[in-house]
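Enquirer: Residue strings, one per chain:
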Amino acid sequence: MNWIVDDTWIVIIGALTAIACALPGCFLVLRGMSMMGDAISHAVLPGLAIAFLVTGTRASFTMFIGAAVVGVLTAVFTQWITNLGKVDRGASMGIVFTTLFALGLLLIVQAADYVDLDPGCVLYGNIEWTTFDVSFEFNWGSTLVFVPRAAIILGSVALLNLCITVFFFKELKISAFDPELATTQGINAQLMHYLLMTQVAITTVAAFEVVGSIIVIAMLVTPAATAHLLTDRLHWMLVISAIIGASAAGIGHVLAIVVPPLIGFESTTTSGMMAVTTGLLFIVAWLFAPNYGWLSRILSRKDVENPFSGPLPTD
Amino acid sequence: MPDLAYHNKPSATPPLREDDHSPRAPLSIHDLTVAYHRKPVLWDIDLDIPEGKLVGIIGPNGAGKSTLIKACLDLVPKASGLVQVYGQPYKRQRSVVGYVPQRESVDWDFPVSALDVVTMGLYRDIGWFKVVRRKHKDIARAALDRVGISHLAERQISQLSGGQQQRVFLARALAQDASLYFMDEPFAAVDAATERAIVTLLKDLQSQGKTTLVVHHDLATVTQYFDYVILLNMRVVAAGPTEEVFTAENLHRTYGGKLTLLAEAGHALSQIKRG
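Protein sequences, first through last, are from chains A and B. If you want the numbering used here, it's the 1-based position in the first sequence plus 464. If you want the numbering used here, it's the 1-based position in the second sequence plus 1182.
Just so you know, these hints were derived from the structure itself, not from any lab. It should be emphasised that the depicted structure is a prediction, and the values quoted were computed from it without experimental measurement. Keep in mind that a hint or two might mislead.
To be verified - Quick list of the computed label-pair ranges, beta carbon to beta carbon: (1) A:Ser-711 to B:His-1219: 29 to 35 angstroms; (2) B:His-1333 to A:Arg-761: 21 to 27 angstroms; (3) B:Lys-1221 to A:Thr-562: 29 to 35 angstroms; (4) B:Asp-1289 to A:Phe-729: 50 to 56 angstroms; (5) B:Asp-1289 to A:Glu-601: 44 to 50 angstroms; (6) B:Arg-1315 to A:Glu-601: 41 to 47 angstroms; (7) A:Ile-529 to B:Gly-1438: 54 to 60 angstroms; (8) A:Thr-607 to B:Asp-1289: 46 to 52 angstroms; (9) A:Pro-754 to B:Arg-1315: 28 to 34 angstroms; (10) B:Asp-1307 to A:Thr-562: 41 to 47 angstroms; (11) A:Gly-619 to B:Arg-1315: 30 to 36 angstroms.
The beta-carbon is built from N, C-alpha and C at its ideal position, and this holds for glycine as well.
Could you put together the complete structure from these sequences and hints?
Expert: Below, the structure is given as structure tokens:
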């Protein structure tokens, strides 16, 4: 295995993506809205296209704004359709994101005569090439370090999500667990819902522009679901999901280098391998988690605890 | 002619004008109407709840009992009407109102401990951007102790029995130290020991001068538990002290032609006669 400095950057970028995704991902999983990331990452396509058609450039900032706005709108439209019609949340999510995605495709076909806006590239991204797009460089001791733009973007998003999660921990927690209680406590659960949706939209858009959306969808849901199997406390779930996501990024990249030659292929996509690794880690946790794993449930089946155990109060 | 009586506005509670409401009542509801998808579920509710009462809200399924509570707490939109808590809108009185929702309203697999859930009742006091401190945890632990499960404080909530989960919700409301409590079916599917513990707690709250409204299903225990009842079936059929209002005629009007429930009502009345 030939490990160069670019490989380190790829792992760092993957790990930052994982951390940025895992934090809002935990709340999505706990709210039963895991597919929201998937929906938003597809639905932002018309935002990208409109931003391009309006400004006429591929400047990443305007594209980012366009996509993020449509991302939040996806959540708003989903909520409207759920509230107004007799449509459940999953179905309304499906309606909104497929419609927006199709609209985006139409717009891109219109725009495609002028510019190279490739939907395939938008969806699958290419984390391997991110290291060529250098944002700035600095001297670290005697070595010159080139910092890729992707690391800056995803580092900022990870930091933003970390700040939101820390500062609004109580509010995010109570609104996810019991929105009605949150409301009676004077915490606007609806507002917290849209804060989370904005986080997901920004994270999804920032990440897929640089690393592709397959890894975003995987990193939003799978590490969070894995961490839920391993702990009973929300703050540990957040920490563990970030660690699992970051490890999956490292392991995934190593596997992407090592595995294909073994079975006679040239190489494979790192993003794909990172996403597959999150799935493998989930399976390991699902089998061997201390309390909720398959193995421990088999072993503890004999001594089921009496639900009425423990002293009862005296009246 | 019971049918006509049911469809007309009941005579037991004549409609109040706005200035008829006593300004310091823990809860006064004026002309409240609530609709879901344009279909009304509560009509012209006019109520004044006197201070220090333990109030049972009784009525058949779909009568709007939970909706009445939720409308008071701004959890469902009002089509019209006014709700006042100690003479002020609810928005300004959040800190004196405690709420115990139905147990099925949350996901018990959520990764929090019993203590965490009770602490959530204090989030308003703690405030934005601030963290939960030891003193808050102490208040929460004391509340768990009051409902007899402080030894389960660190348990993840899905590892509690139904009765214990209900006690966690009660402790959460107690931690708030409110003066007006709304409880949505706290007796649903709990064990006998928990039921006794809840009743003791309710009487305890009453002896401290607090007002509690409880959505209740079991007609047989109404006279034992509550000294004030609201008979509800989309409209207020009757409201007042239990001995005056909890009569065969009123129950018949509340439950209409539902035979099985009439049988239950008959059973409840036989209990009154014996008691």
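Enquirer: Could one say that the CB atoms of B:Arg-1315 and A:Glu-601 fall in the range 41 to 47 angstroms?
Expert: Holds - the Cβ-Cβ distance for B:Arg-1315 and A:Glu-601, about 46 angstroms, lies within 41 to 47 angstroms.
Enquirer: Confirm or reject the claim that B:His-1333 and A:Arg-761 have a C-beta distance inside 21 to 27 angstroms.
Expert: Distance hint for B:His-1333, A:Arg-761 holds at roughly 25 angstroms.
Enquirer: In this structure, is the beta-carbon distance linking B:Lys-1221 and A:Thr-562 contained in 29 to 35 angstroms?
Expert: Between B:Lys-1221 and A:Thr-562, where Cβ atoms are some 31 angstroms apart, the hint holds.
Enquirer: Assuming the hint says 41 to 47 angstroms, is it satisfied by the Cβ distance from B:Asp-1307 to A:Thr-562 or not?
Expert: Holds - the Cβ-Cβ distance for B:Asp-1307 and A:Thr-562, about 45 angstroms, lies within 41 to 47 angstroms.
Enquirer: Against the range 30 to 36 angstroms, how does the distance between the Cβ atoms of A:Gly-619 and B:Arg-1315 compare: consistent or not?
Expert: holds, 32 angstroms
Enquirer: Is it true that the C-beta distance of B:Asp-1289 to A:Glu-601 lies inside 44 to 50 angstroms, as the hint says?
Expert: The hinted range 44 to 50 angstroms holds for B:Asp-1289 and A:Glu-601, with Cβ atoms some 49 angstroms apart.
Enquirer: If I claimed the Cβ atoms of A:Thr-607 and B:Asp-1289 lie 46 to 52 angstroms apart, would that claim hold in this structure?
Expert: holds, 51 angstroms
Enquirer: Is 29 to 35 angstroms a correct range for the gap between the Cβ atoms of A:Ser-711 and B:His-1219?
Expert: Once the Cβ atoms are compared, 48 angstroms apart, the range 29 to 35 angstroms for B:His-1219 and A:Ser-711 is violated.
Enquirer: Taking 54 to 60 angstroms as the hint, is the beta-carbon distance of A:Ile-529 and B:Gly-1438 inside that range?
Expert: holds, 58 angstroms
Enquirer: Note whether the CB distance of A:Pro-754 and B:Arg-1315 lies within 28 to 34 angstroms or breaks it.
Expert: For A:Pro-754 and B:Arg-1315 the Cβ distance comes to about 30 angstroms; the hint holds.
Enquirer: Do the Cβ positions of B:Asp-1289 and A:Phe-729 conform to the proposed distance bound of 50 to 56 angstroms?
Expert: violated, 44 angstroms
Violated hints, in rising order: 1 and 4; the structure is consistent with all others.
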